[in-house]
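Whole structure, please, built from the sequences with the hints as guidance.
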Amino acid sequence: MKFWSYFRDHAGCPETEIEIENGATLAKLHEAVCEQFPKLDGSKNSTLKAVGLEYEDDEFILSDGDEVSFFPPVQGG
Amino acid sequence: MKFWSYFRDHAGCPETEIEIENGATLAKLHEAVCEQFPKLDGSKNSTLKAVGLEYEDDEFILSDGDEVSFFPPVQGG
Amino acid sequence: MKTELTISTEPIDEAALAKRRAMDDGMGAVVCFLGVVRESEGDDAIIAIDYEAHEEMARRQFELLFDELSQSWPVESVRLVHRIGIVPVNEPSLWVEVVAPHRAEAFDACQFLIDEMKQKVPIWKKPLPA
Amino acid sequence: MKTELTISTEPIDEAALAKRRAMDDGMGAVVCFLGVVRESEGDDAIIAIDYEAHEEMARRQFELLFDELSQSWPVESVRLVHRIGIVPVNEPSLWVEVVAPHRAEAFDACQFLIDEMKQKVPIWKKPLPA
Chain X
1 MKFWSYFRDH
11 AGCPETEIEI
21 ENGATLAKLH
31 EAVCEQFPKL
41 DGSKNSTLKA
51 VGLEYEDDEF
61 ILSDGDEVSF
71 FPPVQGG
Chain L
1 MKFWSYFRDH
11 AGCPETEIEI
21 ENGATLAKLH
31 EAVCEQFPKL
41 DGSKNSTLKA
51 VGLEYEDDEF
61 ILSDGDEVSF
71 FPPVQGG
Chain Z
1 MKTELTISTE
11 PIDEAALAKR
21 RAMDDGMGAV
31 VCFLGVVRES
41 EGDDAIIAID
51 YEAHEEMARR
61 QFELLFDELS
71 QSWPVESVRL
81 VHRIGIVPVN
91 EPSLWVEVVA
101 PHRAEAFDAC
111 QFLIDEMKQK
121 VPIWKKPLPA
Chain D
1 MKTELTISTE
11 PIDEAALAKR
21 RAMDDGMGAV
31 VCFLGVVRES
41 EGDDAIIAID
51 YEAHEEMARR
61 QFELLFDELS
71 QSWPVESVRL
81 VHRIGIVPVN
91 EPSLWVEVVA
101 PHRAEAFDAC
111 QFLIDEMKQK
121 VPIWKKPLPA
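Residue numbers (the numbering used here), protein chains in the order written: chain X, 1 to 77; chain L, 1 to 77; chain Z, 1 to 130; chain D, 1 to 130.
Hints should not be assumed to be uniformly reliable.
[What the hints assert, rightly or not] Result set (DSSO-like, lysine-lysine): computed pairs, CA atoms no more than 30 Å apart in a straight line:
{"hint": "1", "chain 1": "X", "residue 1": "K39", "chain 2": "X", "residue 2": "K49"}
{"hint": "2", "chain 1": "Z", "residue 1": "K19", "chain 2": "Z", "residue 2": "K2"}
{"hint": "3", "chain 1": "D", "residue 1": "K19", "chain 2": "X", "residue 2": "K39"}
{"hint": "4", "chain 1": "Z", "residue 1": "K19", "chain 2": "Z", "residue 2": "K118"}
{"hint": "5", "chain 1": "Z", "residue 1": "K120", "chain 2": "L", "residue 2": "K2"}
{"hint": "6", "chain 1": "X", "residue 1": "K2", "chain 2": "X", "residue 2": "K39"}
{"hint": "7", "chain 1": "Z", "residue 1": "K125", "chain 2": "L", "residue 2": "K28"}
{"hint": "8", "chain 1": "X", "residue 1": "K49", "chain 2": "D", "residue 2": "K120"}
{"hint": "9", "chain 1": "Z", "residue 1": "K2", "chain 2": "Z", "residue 2": "K120"}
{"hint": "10", "chain 1": "X", "residue 1": "K44", "chain 2": "D", "residue 2": "K120"}
{"hint": "11", "chain 1": "X", "residue 1": "K44", "chain 2": "D", "residue 2": "K2"}
{"hint": "12", "chain 1": "L", "residue 1": "K2", "chain 2": "Z", "residue 2": "K126"}
{"hint": "13", "chain 1": "D", "residue 1": "K19", "chain 2": "Z", "residue 2": "K2"}
{"hint": "14", "chain 1": "L", "residue 1": "K49", "chain 2": "L", "residue 2": "K28"}
{"hint": "15", "chain 1": "L", "residue 1": "K39", "chain 2": "Z", "residue 2": "K120"}
{"hint": "16", "chain 1": "L", "residue 1": "K2", "chain 2": "L", "residue 2": "K44"}
{"hint": "17", "chain 1": "Z", "residue 1": "K118", "chain 2": "L", "residue 2": "K28"}
{"hint": "18", "chain 1": "X", "residue 1": "K44", "chain 2": "X", "residue 2": "K28"}
{"hint": "19", "chain 1": "D", "residue 1": "K120", "chain 2": "D", "residue 2": "K2"}
{"hint": "20", "chain 1": "Z", "residue 1": "K19", "chain 2": "L", "residue 2": "K44"}
{"hint": "21", "chain 1": "Z", "residue 1": "K126", "chain 2": "L", "residue 2": "K44"}
{"hint": "22", "chain 1": "L", "residue 1": "K49", "chain 2": "L", "residue 2": "K2"}
{"hint": "23", "chain 1": "D", "residue 1": "K126", "chain 2": "Z", "residue 2": "K126"}
{"hint": "24", "chain 1": "Z", "residue 1": "K125", "chain 2": "L", "residue 2": "K44"}
{"hint": "25", "chain 1": "D", "residue 1": "K126", "chain 2": "Z", "residue 2": "K19"}
{"hint": "26", "chain 1": "Z", "residue 1": "K19", "chain 2": "L", "residue 2": "K39"}
{"hint": "27", "chain 1": "D", "residue 1": "K118", "chain 2": "X", "residue 2": "K2"}
[What the hints assert, rightly or not] Quick partial rundown of chain D residues pointing at chain Z, CB under 8 Å, derived from the structure:
{"hint": "28", "residue": "K19"}
{"hint": "29", "residue": "M23"}
{"hint": "30", "residue": "L34"}
{"hint": "31", "residue": "V89"}
{"hint": "32", "residue": "Q111"}
[Said to hold, decoys possible] Chain Z residues, not near chain L, derived (Cβ > 12 Å throughout):
{"hint": "33", "residue": "T9"}
{"hint": "34", "residue": "P11"}
{"hint": "35", "residue": "L17"}
{"hint": "36", "residue": "R20"}
{"hint": "37", "residue": "R21"}
{"hint": "38", "residue": "D25"}
{"hint": "39", "residue": "A53"}
{"hint": "40", "residue": "H54"}
FYI, nobody ran anything at the bench for these hints, they're computed from the structure.
Virtual Cβ for every residue (Gly too), placed ideally from N, Cα, C.
Listed below in structure tokens is the structure:
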């Protein structure tokens with residue numbers, strides 16, 4: 001798990017490891033993360049989620065070792 | 001009268017003086033010009049007309065000494 | 001609105017133009033357009049375009065367009081350079097720059113200016129065949 | 001389509017970028033956009049914006065956008081520079097250039113790229129108050 005932008009401040013760390021049952025979805029991971037880092041719960045609906053370098057949706061099935069990033073809406077430019 | 005772009009070639013000269021009755025319109029001048037320079041008649045509908053530095057339409061009433069320009073559609077850029 | 005208009009036979013010097021830009025701290029967007037002479041006109045290969053301008057009227061018509069632009073968009077500055085005379089293939093004949101607070105208005109104003117110029121500013125092209 | 005992407009803390013050097021442009025003789029239009037840091041964010045005066053990027057993912061997302069762009073418009077080249085780290089007010093954070101045969105497609109492709117970037121490329125701003 002990596003947190004970016006102010007999600008890093010809300011989580012209190014730039015990255016962490018999370019154990020979750022086999023075959024869990026990204027949605028499931030999101031719930032687990034919000035439980036562990038309650039400050040991230042308020043941004044739950046606007047959270048963008050990526051696995052590796054690609055955006056994935058809530059139905060995405062996670063595999064062992066996936067690097068997941070959570071971050072707020074992007075603001076480039 | 002000044003002719004620009006290929007109108008100059010069609011007229012055979014870059015400029016000329018034309019006498020026309022007092023209070024004549026730009027349309028009237030256009031007819032007189034096409035009579036004097038028949039090669040310009042073919043482009044009559046696409047001719048752009050300016051008096052001084054401003055576009056004027058056919059109803060424009062000419063005054064003594066007005067400098068009139070006739071030219072084909074513009075192609076800047 | 002600041003305006004700067006150049007109609008000249010000199011090649012367009014983009015780097016010098018960029019260097020001379022001075023924009024206010026409230027401005028967030030710069031859109032530049034370069035119109036470049038292409039190797040063909042219709043089906044014919046060319047080596048250059050010879051641009052002719054009714055220069056005094058062109059200046060007046062650009063002025064009118066700048067006025068119109070400044071009434072429609074909160075643009076800080078417009079700079080426009082039209083090269084005339086012989087412009088070889090692969091060299092720019094037109095450079096336009098619009099500086100505005102935000103992106104959308106800078107793009108819109110720049111496109112408006114070019115569209116209108118192509119209708120109203122008395123400049124003509126004579127392609128020189130290859 | 002040629003692409004060139006730079007994500008770097010270095011200031012954007014427009015003149016150098018213009019100098020390095022090499023366009024085909026069939027190309028007639030260049031559109032450049034500069035996004036510049038403004039003196040305020042919302043109601044607050046700022047002195048700079050600190051840009052953070054998930055750089056590896058940003059590169060991947062730009063790549064996907066470049067692919068999409070090349071499928072929609074006959075663009076010859078796209079170059080994009082995003083400055084990250086601290087960018088002071090009145091300095092550019094973004095430079096985009098699109099080269100295409102004609103004007104309309106160059107403008108459309110350039111605006112598409114910026115619009116999409118603002119949705120998808122993981123870069124974030126932290127305004128630094130004055």
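Evaluation of the provided hints:
{"no.": "1", "hint": "X:K39 x X:K49", "verdict": "holds, 17 Å"}
{"no.": "2", "hint": "Z:K19 x Z:K2", "verdict": "holds, 16 Å"}
{"no.": "3", "hint": "D:K19 x X:K39", "verdict": "violated, 49 Å"}
{"no.": "4", "hint": "Z:K19 x Z:K118", "verdict": "holds, 28 Å"}
{"no.": "5", "hint": "Z:K120 x L:K2", "verdict": "holds, 17 Å"}
{"no.": "6", "hint": "X:K2 x X:K39", "verdict": "holds, 15 Å"}
{"no.": "7", "hint": "Z:K125 x L:K28", "verdict": "holds, 29 Å"}
{"no.": "8", "hint": "X:K49 x D:K120", "verdict": "holds, 11 Å"}
{"no.": "9", "hint": "Z:K2 x Z:K120", "verdict": "holds, 21 Å"}
{"no.": "10", "hint": "X:K44 x D:K120", "verdict": "holds, 18 Å"}
{"no.": "11", "hint": "X:K44 x D:K2", "verdict": "violated, 39 Å"}
{"no.": "12", "hint": "L:K2 x Z:K126", "verdict": "holds, 18 Å"}
{"no.": "13", "hint": "D:K19 x Z:K2", "verdict": "holds, 27 Å"}
{"no.": "14", "hint": "L:K49 x L:K28", "verdict": "holds, 12 Å"}
{"no.": "15", "hint": "L:K39 x Z:K120", "verdict": "holds, 24 Å"}
{"no.": "16", "hint": "L:K2 x L:K44", "verdict": "holds, 15 Å"}
{"no.": "17", "hint": "Z:K118 x L:K28", "verdict": "holds, 27 Å"}
{"no.": "18", "hint": "X:K44 x X:K28", "verdict": "holds, 12 Å"}
{"no.": "19", "hint": "D:K120 x D:K2", "verdict": "holds, 21 Å"}
{"no.": "20", "hint": "Z:K19 x L:K44", "verdict": "violated, 46 Å"}
{"no.": "21", "hint": "Z:K126 x L:K44", "verdict": "holds, 20 Å"}
{"no.": "22", "hint": "L:K49 x L:K2", "verdict": "holds, 10 Å"}
{"no.": "23", "hint": "D:K126 x Z:K126", "verdict": "violated, 53 Å"}
{"no.": "24", "hint": "Z:K125 x L:K44", "verdict": "holds, 20 Å"}
{"no.": "25", "hint": "D:K126 x Z:K19", "verdict": "holds, 28 Å"}
{"no.": "26", "hint": "Z:K19 x L:K39", "verdict": "violated, 49 Å"}
{"no.": "27", "hint": "D:K118 x X:K2", "verdict": "holds, 21 Å"}
{"no.": "28", "hint": "K19", "verdict": "holds, 6 Å"}
{"no.": "29", "hint": "M23", "verdict": "holds, 7 Å"}
{"no.": "30", "hint": "L34", "verdict": "holds, 4 Å"}
{"no.": "31", "hint": "V89", "verdict": "holds, 5 Å"}
{"no.": "32", "hint": "Q111", "verdict": "holds, 6 Å"}
{"no.": "33", "hint": "T9", "verdict": "holds, 15 Å"}
{"no.": "34", "hint": "P11", "verdict": "holds, 17 Å"}
{"no.": "35", "hint": "L17", "verdict": "holds, 17 Å"}
{"no.": "36", "hint": "R20", "verdict": "holds, 22 Å"}
{"no.": "37", "hint": "R21", "verdict": "holds, 22 Å"}
{"no.": "38", "hint": "D25", "verdict": "holds, 32 Å"}
{"no.": "39", "hint": "A53", "verdict": "violated, 8 Å"}
{"no.": "40", "hint": "H54", "verdict": "violated, 5 Å"}
Consistency with the previously given hints fails for numbers 3, 11, 20, 23, 26, 39, 40, ordered from lowest to highest.
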